[in-house]
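Chains A and B are the protein sequences, given in the same order. As numbered in the numbering used here, residues 1 to 435 make up the first sequence, in order. As numbered in the numbering used here, residues 1001 to 1143 make up the second sequence, in order.
Derived by calculation from the structure, the hints in this document are not laboratory data. These figures come from a predicted structure and were not determined experimentally. Idealized CB from N, CA, C, for every residue including glycine. Please note that the accuracy of each hint is not assured.
What the hints assert, rightly or not - Restraint-style ranges between C-beta atoms, simulated for each label pair:
1) A:Thr-326 to B:Arg-1060: 20 to 26 Å
2) A:Arg-396 to B:Glu-1068: 26 to 32 Å
3) B:Arg-1060 to A:Arg-396: 27 to 33 Å
4) A:Gly-308 to B:Arg-1060: 46 to 52 Å
5) B:Ser-1050 to A:Ala-194: 27 to 33 Å
6) A:Lys-96 to B:Arg-1060: 35 to 41 Å
7) A:Lys-385 to B:Glu-1019: 22 to 28 Å
8) B:Glu-1068 to A:Arg-362: 41 to 47 Å
9) B:Asn-1096 to A:Gly-308: 55 to 61 Å
10) A:Asn-309 to B:Arg-1060: 33 to 39 Å
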Amino acid sequence: MYWNQQEECMPVELLRQRQLARLQKTVARVYERVPFYRQRMDAVGVKPADIRSLDDLRLLPFTTKNDMREGYPFGLFAVPLDEVVRIHSSSGTTGKPVVAGYTRADVALWANVMARTFVCGEVTSRDILQVAYGYGLFTGGLGAHYGAELIGATVIPMSGGNNKRQIMLMQDFGTTALACTPSYALALAEEASAMGVNARELKLRVGFFGAEPWPEDMRKAIEQRLNLKAIDIYGLTEIIGPGVGSECMEQNGLHLFEDHFFPEIINPDTGEVLPDGERGELVFTCLTKEAFPLLRFRTRDITRLIPGNCPCGRTFRRMEKVSDRTDDMLIIRGVNVFPSQIETVLLTIEEAEPHFQIIVKREGPLDELEVLFEVDERHFSDEVKVLQAIEQKVAREIESAIGLRATVRLVEPKTIERSMGKRKRVIDLRKEQKP
Amino acid sequence: MKIIQLSVFLENTAGRLREVTGILSRAGINIRALSLAETADFGILRLIVSDAKKALEVLRTANFTVRETPILAVEVPDQPGGLHGLLEALAEAGMNIEYVYGFVEKRSDNAIIVIRVEEPDRAIAVLQAKGFTVLGNREIGTL
Chain A
1 MYWNQQEECM PVELLRQRQL ARLQKTVARV YERVPFYRQR MDAVGVKPAD
51 IRSLDDLRLL PFTTKNDMRE GYPFGLFAVP LDEVVRIHSS SGTTGKPVVA
101 GYTRADVALW ANVMARTFVC GEVTSRDILQ VAYGYGLFTG GLGAHYGAEL
151 IGATVIPMSG GNNKRQIMLM QDFGTTALAC TPSYALALAE EASAMGVNAR
201 ELKLRVGFFG AEPWPEDMRK AIEQRLNLKA IDIYGLTEII GPGVGSECME
251 QNGLHLFEDH FFPEIINPDT GEVLPDGERG ELVFTCLTKE AFPLLRFRTR
301 DITRLIPGNC PCGRTFRRME KVSDRTDDML IIRGVNVFPS QIETVLLTIE
351 EAEPHFQIIV KREGPLDELE VLFEVDERHF SDEVKVLQAI EQKVAREIES
401 AIGLRATVRL VEPKTIERSM GKRKRVIDLR KEQKP
Chain B
1001 MKIIQLSVFL ENTAGRLREV TGILSRAGIN IRALSLAETA DFGILRLIVS
1051 DAKKALEVLR TANFTVRETP ILAVEVPDQP GGLHGLLEAL AEAGMNIEYV
1101 YGFVEKRSDN AIIVIRVEEP DRAIAVLQAK GFTVLGNREI GTL
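Work out the full structure: start from the sequences and follow the hints.
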C-alpha cells in the first residue's frame, strides 16, 4: 500500500536524476538568498555551478546545530518572513532553540511526507488516529495531524499528557492508530493496567513512534502490551519535523523520503562520506524546502544505510533504526559507551525491567558507572542471595558488552522517573562535580 | 502446616522501614515477628502479621514489592538448648536452613522459631515425628 506509488516506487535511475535536479536548484537558491551559505561556499571556493553530480554534494560545507544558534532566529531562512506561514521550534535544552519556518508549500510537503508515513503503516480514511505527540512549537503534534488529515483518517488531536483521558478516548472512540513517543506508549500501557483496562483488547492496530531512540526490545514490549504493530518513524525539526523517514510493514529499516531529504553517512571525526552499509553520522540535505532548506545538516544520529531492496517495493533507501547520538556518547574511564548498549543488555535479561537509569559519577580520580534498575515482583525473592545474583548477572552482562565494571543497584518499583516525553536515561554527575 | 510470611523489598534509605510500619499501623495490622536482611543498598523485610492478606493488599497499594513466602513456625521450649534441639532434628534429616529467626510466646513457656527451608513439607514431617509442634496460620493469628 502506497500514498503515491509513482513517487515512492520510482526507478532508482530516475530518482537520482530528480534528486540532482532538485539539489542544483536548491543550492543555487540558497547561494543567492542566504548570506550564511554564500559566505560558507565562497570560503571553500565552491559555486552552485560546481554541483554537477550527486557526488559533488561533498564539496559543500556541513551545517551544524551551532550554525542554527548563530543564525537565530531567522538567519538561515531563504524566503522573506511574509512568505512564512508557520514557525516551529525545538525545545532548545542547551542554549537557543532551533527555529524552523515553513511556507505554504513546505506545509503541504510536510503533510505529504507524513501521509506517506502513515500509509507505510497502512492507515486509511477508515482509521481513527489519536495524536499524542505534543501540539505547539514541537513539530510532532501538528506534523502528524496534517498528514493524517490529508489521508482522510479521523484525527483525535489529544496532544501529550492526560493519560487517563487518552485511555478513555481509545476505549470510547475505538482508536485504531496511535502516534506518540515510544516511552509515552509504554506509559499509556501502564496507565491502562492501573485503570484495570486490558490494553490488548483496545482496537489499536498500529502505532507510529519516534522523536527518541528506542531499541528493538522496547518495540516488542510495546507491541505485546498494546497489541499493535509498532512502526518507527524518524524526523527532526531542522529538516522538517517527523516525516523524514518511516518503516514500512516489513519493519526492517526506515525508508528515507530521499526525493525531498537527501541522506549521507559520514565519519563523524573526519567528515569523510562513507559508502552505503557503513555506520556513521547521518547527514541530510533538503532538496525541495522553500523557507528553511539546510545543506548537509549533521544530525548527530548514528546509523547506516541498509544495502539491498525492500520487499515492500519502495525504492527509497532504508536506514537502520537510530540507536545512538554522537552527543549521547559517554566516555567512562576512556571507554566510549552509548546508553543504548546498556539498554540492550538490560532488555535481554528477563529479571530486569525496561526501567533503568545510568548514573556516571566521579569517585576520587575514577569515573564510576552505576546502573539502577527496578525490582520486579515476578523476580523478587525473600532471599538476599537471589537478589544479589540478579545484580551480579546484570553487572556481568554489562561488563561483557561494554568492557566496564558497573555497580548495579536494585531499586523499588516506580522510583525511576517516567517522563511524558523523552526519557532521562543517563545522569552524568561528573558535569556537576569538580574534576 | 506452613504459614505465610510477607517479604518486602526495601531500598536502604532513611525512613523506609518506618513507612512500612506506618502503613501496617494505620491498617490495624499487628506484627507478630520480623527480621530484616540487609545488604549495602537494599534490604528484605520479613514479616509475620496478624492478617497477611490485608497487609499484602495495603503494602502493594503503596507500591511496595511484596511476596508471600511459605515458612514454618515451630514451638520449642524457652530454655537453653531449645533451638538447638530443633536444628539437630533438621540436621539429622540432612535439611538445610535458608534463614531463621525467633520470638518468645507471651502466655506459655515456649519460644517460636521461624524457619525457611527448601522443602517445607518434608521438614514438617521430620519435626512432627520428633514431637515438635508446627503452628498453623490460625494459631499464629491468635497468639
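Each hint, compared with the structure:
1. A:Thr-326 to B:Arg-1060: 20 to 26 Å: violated (43 Å)
2. A:Arg-396 to B:Glu-1068: 26 to 32 Å: Given range 26 to 32 Å: holds, Cβ gap about 30 Å.
3. B:Arg-1060 to A:Arg-396: 27 to 33 Å: For Arg-1060 of chain B and Arg-396 of chain A the Cβ distance comes to about 31 Å; the hint holds.
4. A:Gly-308 to B:Arg-1060: 46 to 52 Å: holds (51 Å)
5. B:Ser-1050 to A:Ala-194: 27 to 33 Å: With Cβ atoms ~29 Å apart, the hint holds.
6. A:Lys-96 to B:Arg-1060: 35 to 41 Å: Because 47 Å falls outside the window, the suggested range is violated.
7. A:Lys-385 to B:Glu-1019: 22 to 28 Å: holds (26 Å)
8. B:Glu-1068 to A:Arg-362: 41 to 47 Å: At roughly 43 Å between Cβ atoms, Arg-362 of chain A and Glu-1068 of chain B fall inside 41 to 47 Å, so the hint holds.
9. B:Asn-1096 to A:Gly-308: 55 to 61 Å: Holds, at about 58 Å.
10. A:Asn-309 to B:Arg-1060: 33 to 39 Å: violated (52 Å)
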